[in-house]
Amino acid sequence: MRIRGVGVDVVDVSRITRLLEHRGSFTRRWFSTAEVERCDTSEFPDREYATLLAAKEAAWKSLGLDGSGPVPWGWMTVSGDAVALSGPVAEAAGDVGRIEVTTTADARLAQAWALAWEP
Amino acid sequence: MRGKVMQIAVGLVVLGVLGAVTYGLFWDPRPAYTAAPNDAAEKVTDEELEQAADQRVFFGHMSVGNNIMSGMRQIYSEHGVAAPGFVQAEIGEVPAVGEGAFVHTLIGENRHPYRKLDNFEAMVRGGLGDQVDVALVKFCYIDVRWNSDVDHLFNEYKQTMDALEADYPNVRFVHVTAPLTTGPYGIKDHVKQVVGRDDNANRERYNAHMREAYGEGRLLDLAQLEGTAPDGTVKGELYGGYSSDGAHLNETGASLAAVEFVRMLNER
Chain P
5 MRIRGVGVDV
15 VDVSRITRLL
25 EHRGSFTRRW
35 FSTAEVERCD
45 TSEFPDREYA
55 TLLAAKEAAW
65 KSLGLDGSGP
75 VPWGWMTVSG
85 DAVALSGPVA
95 EAAGDVGRIE
105 VTTTADARLA
115 QAWALAWEP
Chain Y
127 MRGKVMQIAV
137 GLVVLGVLGA
147 VTYGLFWDPR
157 PAYTAAPNDA
167 AEKVTDEELE
177 QAADQRVFFG
187 HMSVGNNIMS
197 GMRQIYSEHG
207 VAAPGFVQAE
217 IGEVPAVGEG
227 AFVHTLIGEN
237 RHPYRKLDNF
247 EAMVRGGLGD
257 QVDVALVKFC
267 YIDVRWNSDV
277 DHLFNEYKQT
287 MDALEADYPN
297 VRFVHVTAPL
307 TTGPYGIKDH
317 VKQVVGRDDN
327 ANRERYNAHM
337 REAYGEGRLL
347 DLAQLEGTAP
357 DGTVKGELYG
367 GYSSDGAHLN
377 ETGASLAAVE
387 FVRMLNER
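If you read the protein sequences in the order shown, they are chains P and Y.
Just so we're aligned, residue 5 is where the first sequence starts under this note's numbering, counting upward by one.
Just so we're aligned, residue 127 is where the second sequence starts under this note's numbering, counting upward by one.
Just so you know, the hints here were simulated from the structure itself, not pulled from any lab data.
Where hints are given, some of them may not hold.
[Stated by the list, open to error] Listing some non-contacts, in silico: residues in chain P with all C-beta distances to chain Y over 10 Å:
1) Val-10
2) Val-12
3) Asp-85
[What the hints assert, rightly or not] Computed beta-carbon distance windows for the label pairs:
4) Y:Ala-208 with P:His-26: 43 to 53 Å
5) P:Thr-108 with Y:Ala-292: 38 to 48 Å
6) Y:Ala-289 with P:Asp-85: 29 to 39 Å
7) P:Met-5 with Y:Asp-293: 32 to 42 Å
8) P:Arg-102 with Y:Phe-212: 49 to 59 Å
9) P:Arg-6 with Y:Gly-211: 54 to 64 Å
10) P:Leu-113 with Y:Ala-292: 17 to 27 Å
11) Y:Ala-161 with P:Ala-96: 40 to 50 Å
12) Y:Arg-323 with P:Asp-85: 53 to 63 Å
13) P:Asp-70 with Y:Glu-342: 42 to 52 Å
14) P:Arg-102 with Y:Ser-203: 51 to 61 Å
The beta carbon of each residue, even a glycine, is placed where N, CA and C say it ideally should be.
Go ahead and model the full structure; you've got the sequences and the hints to work with.
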């Protein structure tokens, strides 16, 4: 198997904290029901959302797609250490194998590294 | 000889009269619009109206937008449900937006959709984006005419909206198709169609881009609603029974558009 691309991303947890305090309606559009449940029931929801967002952004970068389109996070789902694609993101990505992510977070930053494999 | 001249003269007079009658009656007639029955209020529930009224909205629009808000006031009144708190803001003015506030702005200038887009973006970035739940900008029918570059307009619109959606994740951006006008009716309108000066056809090209990009749930398809007669017949033109003057909405059209708007506000 060959690597298609590598992506790295860092998300400022305080940005997510502010968004959650300010209605937090973005969670419905950017995250799946399962992701929202996972974050909302975690000890630190803001940190968990930041981690998932970093994972999605890193995965997006690993695909090497044009970043000028609509916000793609609703079509990317993080499950365990893998990211699944759907809708227009899956269409744009074309043939792609597994996308693996590794994440870490503290109170300040969430970071993610992604590897996209060729099919 | 004199008889022939007389015949020609009479012929010219007859032709002139026929031409004048044709011009007067059939060149560019102004039809009377008979309002379709208004049963819009039956298509929405009190609960849907209450839910929509709780949201903080920013709506950039011009005259057809005013029609839609009139329709909302009417629908809320018929149901006896408290309407959203309509607040008109001037371009560049950013009011404090409380619960249930519906901020609207007569945005930009008709025939200049790019200025409308600029004004809308500036107002969202100028503070409204931090306060509202839903934001939308609606172009006017006059903004998209037969010679408008609808591909370019759509691309500019989409780029602006993509950037706003990325920068304001808590705001749900709703998209609206370009409204249509009635007709063609007279010879003039049909000639314009034949020579390619068909405003509605170009509006529908723009709307096709909007439908493809935003689809259900994110698109208030005003043109689809305007073009669908009560019997379900669909045409790429504003149905006369929904219009007061061939371009703006009468009470029925405004109420139907208002119901769709309420539904769109309640989408998640």
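Distance rule for Asp-85 (chain P), whose beta carbon must clear each one in chain Y by more than 10 Å: Correct as stated: the minimum Cβ-Cβ distance to chain Y is 25 Å, above 10 Å.
Indicate whether the distance between the beta carbons of Ala-289 (chain Y) and Asp-85 (chain P) respects the range 29 to 39 Å. Holds - the Cβ-Cβ distance for Ala-289 (chain Y) and Asp-85 (chain P), about 31 Å, lies within 29 to 39 Å.
Status of Val-12 (chain P), Cβ more than 10 Å from any chain Y Cβ: Given that every Cβ of chain Y is farther than 10 Å from that of Val-12 (chain P), nearest at about 19 Å, it holds.
Would you say the C-beta atoms of Arg-6 (chain P) and Gly-211 (chain Y) sit inside 54 to 64 Å of each other? Roughly 58 Å apart at Cβ, these two residues keep to the hinted range, so it holds.
Ser-203 (chain Y) and Arg-102 (chain P) - C-beta distance against the hinted 51 to 61 Å: holds, 57 Å
Range first: 42 to 52 Å. Now tell me if the beta carbons of Asp-70 (chain P) and Glu-342 (chain Y) are that far apart. violated, 25 Å
Could you say whether the range 32 to 42 Å given as a hint is met by the Cβ separation of Met-5 (chain P) and Asp-293 (chain Y)? Holds, since Met-5 (chain P) and Asp-293 (chain Y) (Cβ atoms, about 37 Å apart) stay within the stated range.
Can you tell me whether the CB distance of Thr-108 (chain P) to Ala-292 (chain Y) sits inside 38 to 48 Å? Since the Cβ atoms of Thr-108 (chain P) and Ala-292 (chain Y) sit about 24 Å apart, the hinted range of 38 to 48 Å is violated.
Evaluate the condition: distance from the CB of Val-10 (chain P) to the nearest CB of chain Y exceeds 10 Å. Nearest chain Y Cβ is 23 Å from Val-10 (chain P), so the label holds.
Could you see if the CB distance from Leu-113 (chain P) to Ala-292 (chain Y) stays within 17 to 27 Å? The hint (17 to 27 Å, Cβ to Cβ) holds, given that Leu-113 (chain P) and Ala-292 (chain Y) are roughly 20 Å apart.
Given the hint of 43 to 53 Å, check if Ala-208 (chain Y) and His-26 (chain P) actually sit that far apart at their C-beta atoms. violated, 25 Å
Do the Cβ positions of Arg-323 (chain Y) and Asp-85 (chain P) conform to the proposed distance bound of 53 to 63 Å? holds, 59 Å
In terms of the numbered hints stated before, the structure departs from hints 4, 5, 13, listed from lowest to highest.
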